[in-house]
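Asks: The residues making up each chain are set out below.
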Amino acid sequence: MNIVVLVKQVPDSGADRNLRSDDNTVDRGSANNVINEMDEYAIEEALKIKEAHGGEVTILTMGPDRATESIRKALSMGPDKAVHVVDDALHGSCAVATSKVLAAALGRLGADLVICGAESTDGRVQVMPHMIAERLGVAALTGARKLTVDGSTLTVERQTEEGYEVVAASTPAVVSVWDTINEPRYPSFKGIMAAKKKPVQTLALADLGVAPAEVGFDGATSVVLEHSKRPPRSGGAKVTDEGDGGVKLVEFLATEKFV
Amino acid sequence: MSEVLVVVEATREFGVKKVTLEMLTLARELGTPSAVVLGGPGAAEALSAKLGEYGAEKIYAAESEEIDGYLVAPKASVLAELVKRVQPAAVLLASAQEGKEIAARLAVRLDNGILTDVVGLAADGTATQVAFAGSAIVKSKVTKGLPLVTVRPNSVTPVPAAATPAVEQLSVSVTDTDKLARVVDRVAEQKGSRPELTEAGVVVSGGRGVGNADNFKLVEELADLLGGAVGASRAAVDSGFYPHQFQVGQTGKTVSPQLYVALGISGAIQHRAGMQTSKTIVAVNKDGEAPIFELADFGVVGDLFKVVPQAAEEIRKRK
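So the protein lines, in turn, are chains A and B.
The first sequence begins at 1 in my numbering and counts up by one.
The second sequence begins at 1 in my numbering and counts up by one.
The set of hints was computed from the structure by calculation and includes no laboratory data.
Fair warning: there could be bad hints in the mix.
[To be verified] Below 30 Å or equal to it, Euclidean Cα-Cα: the simulated DSS-like pairs (lysine-lysine) are:
{"hint": "1", "chain 1": "B", "residue 1": "K18", "chain 2": "B", "residue 2": "K139"}
{"hint": "2", "chain 1": "A", "residue 1": "K257", "chain 2": "B", "residue 2": "K217"}
{"hint": "3", "chain 1": "A", "residue 1": "K257", "chain 2": "B", "residue 2": "K18"}
{"hint": "4", "chain 1": "A", "residue 1": "K146", "chain 2": "A", "residue 2": "K81"}
{"hint": "5", "chain 1": "A", "residue 1": "K50", "chain 2": "A", "residue 2": "K196"}
{"hint": "6", "chain 1": "A", "residue 1": "K248", "chain 2": "B", "residue 2": "K317"}
{"hint": "7", "chain 1": "B", "residue 1": "K279", "chain 2": "A", "residue 2": "K229"}
{"hint": "8", "chain 1": "A", "residue 1": "K248", "chain 2": "B", "residue 2": "K217"}
Next up, chain B with everything else stripped away, as it sits in the complex (with noise of 0.2 Å):
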């Protein structure tokens, strides 16, 4: 069988982020699973294991400080020349902002066509790929070159298959207009120990009915008694309420968790957008007509600040 390039995301923090899993859980399906891990140096070895625990049966490391310091261009080049080599039956990268810009570059580089979004592949190449918001569904087909997609985290189940990967490294020669975008300092923000917001299997969002950012503190005790992530909507956002890297909706992160709490959210098209795909959505909203409630599958009509208090006070007791 011939080999599906998985490209690896990962953080310093965490290591190997559940995408990558699902997306050699879905590579299998169609070939030989092989990780890329396209980092600065020493990149690969901390990520080798979990790589193997799903199935990779090869690892190909493009490990330089080069690659770690310009934006984006280096790991599409490095990538492009891996494909030509390899000509694999299939690229992987995750549905996120890196993978998504690698995938752009790579096309372009090819002139091969890009599928994103994508949330299932079969065999022939065939994606299925959410559109509008989670209203449509859409099945397509790159027509020139390999099947390029990107895949959207939360799609499918990671199942692990032990492999034992043989590592290869790449060399890595990076030409002067890959160059051209700085990485001059990369900052943390805090986050604390919650998982990645569109990684996560519980999401808890707090929305205008917050009420302000200290009131936030409700929000995320909920999320940490269910394990889950903080989102917030729009309007939340830009009353200052909660940075905007935790925005859900139109303009911000798309998630699709088994389970969505919306605390004080209307449910306006722009939250929709974001989140409308989720397993199970439960709302608590003082206004019985919010259009929250037209998607929820439990509903509270009713004050948050009586409700998510006495929840949290149910859910320590049962633990």
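Chain A with its partners taken away, still in its complex shape (with noise of 0.2 Å):
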């Protein structure tokens, strides 16, 4: 099976994460880049099914060139190849942009499966698998805690408020994945040499047949008017218990009409 996982490069949600000043997009200078967490379950997901059923693992990332460096770590868990699309003209697209971008990109690498997070921890924004398997025209199976491959048949159970659904469809399909579906494994030794060794082939847009203008901030669909840091909480009052703790939280409780 011809397996395709996105990942996409993000500023690390351990630390201090900001937007620009100057054009109000994610500031990634600054920042400690990373993996989207998610994505590393995507990845354990697809090597688990090539392990399984055979076939090849291609990274897609789409990010400006700093990104080759989430890409290489991707690679350093087993993957064989990626592909990075990477254009200065990219840079301030929206998700509907991003999504054509995608979709361009998968339709000439021809996945049986594309698998991805479920959203990344930077824009939290969730509508990447849907948007994508709208474009290409085929089944969006989201949301996984598990993932089940049967010849071309996928099924995959499914988190929902009120309990879980169980989806079904026939490759080819987008899959996304919770961080209940499996634990990555870490990249050995063997595996951050190896990856130094990988393709990684670079896409430009004039490759993909999209057109600058339909990107960035010429082509975004929605624009941020301006931004700004919410005030920090201040801790409140601490008392340490001393046999009447359990009390003086009902106290406090009661003074803020809980109960």
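Could you use the hints to bring the two separately framed chains together as a complex?
Replies: Below, the structure is given as structure tokens:
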């Protein structure tokens, strides 16, 4: 099975994150940039399918030059090769335009199965799998906590508010996964060394037949007008339990009218 | 005034979800709210009284086995046709898994901008969004097409405004491409009578400090006394103390209740990302240096197995 995994480089969600003051985009220059955590689960799932059913795993990333670091990191887990869509005109692209570019790249790669994380930790917009599936005219099985492959039939368990749904489709399809689906492997030393030699193909917009005016700020379907830091919370009263901590807690809740 | 479409979120068990009432309240500021029910046969009838109570002047009902039997795409198809026909001033959906997914497909079909996690929407279409796990506030606007936004639960207070909605049945025409992802089964998982996590006014969460799955009874007991939902930190979920659908944090649910109670939770960034926009936060933790106390309006440094039972007893006394 020919599997493509979408990998996004994001600012580390464990550190302070900002938007740029000049153009209101995510500040990637000053951030510690890492693989979107959920994407590691997508890579793991792809590798497991390859191990069981054969085939090839390709990483697809759209992002600036520095996303190369994340691509190598992804490859060190075991995928075979990568495609990096990089073009200055992409800066400032909205989700709708991003899905156009990724769908164009996927069209060239001809994947049987596209796996991605359910959302990225920077935008948390959660729309990409369905946008891409809509453009490619293929099934989207999203929010998987379990994925079963039986020939060309894919079945996922998808968490819902009330329980879960079992959803099935035939390949080609897009599957998005939550972090409950598996436990990603750590790259081995051998994997890290091998990753340095794995092929990474770069593609520009012209290679994909997408015009610069369709992406970036020019092609954006929405605009960020302004942004500000939310004032940080400050801690309030803190008491040490001396046998009456529970009562004091309830007294506080009572003054706030919760009891 | 032009119509504002509100795509109804409802559950079989509890009917119209609170976020729907919030969206109807928001929609009244922008125009005339019309509720859109996308579901199986008979779905709209059970919901219409409640939708009218909160100002829905009209209900568009698309009811079909095909809507219910496939994932999201048929709903987007129906909605796309409706949007083209009525040319609404805005389309509002819930900022939850399905709402975002329907909106995603709609955006591509209409080549229209989309804004998610919206907590406020002005009459000129300017949306307020919360970004980076509640640490940034963003003002943004759709610049291509109509304002297509997903609204985060607990963003506005639902205000009733009685209306008598006229129900219009929509014809459902679904293409083969819409039917690629079949829903084979829906399995309800036990959750009892507690409110839904993202909508609850009170959330009581347990972390690693709760120790084991059995001890979560303590968390549940306090939640029930406060009429709240139960949540869990990633550490607690990863340790198997509580099911994943109740996980609050960066890789779980984002909650914004009036009251958040953190029990045995250290307050790692992963967790804070999902709860730091809560109105009031209280915490019980045996480590006085735990970062959760930097957020807490009231904190008790102590053993939760002593503090929580005493608090439960005190609440019972006061009732």
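Asks: Which hints from the list above does the structure break, by number from lowest to highest?
Replies: none
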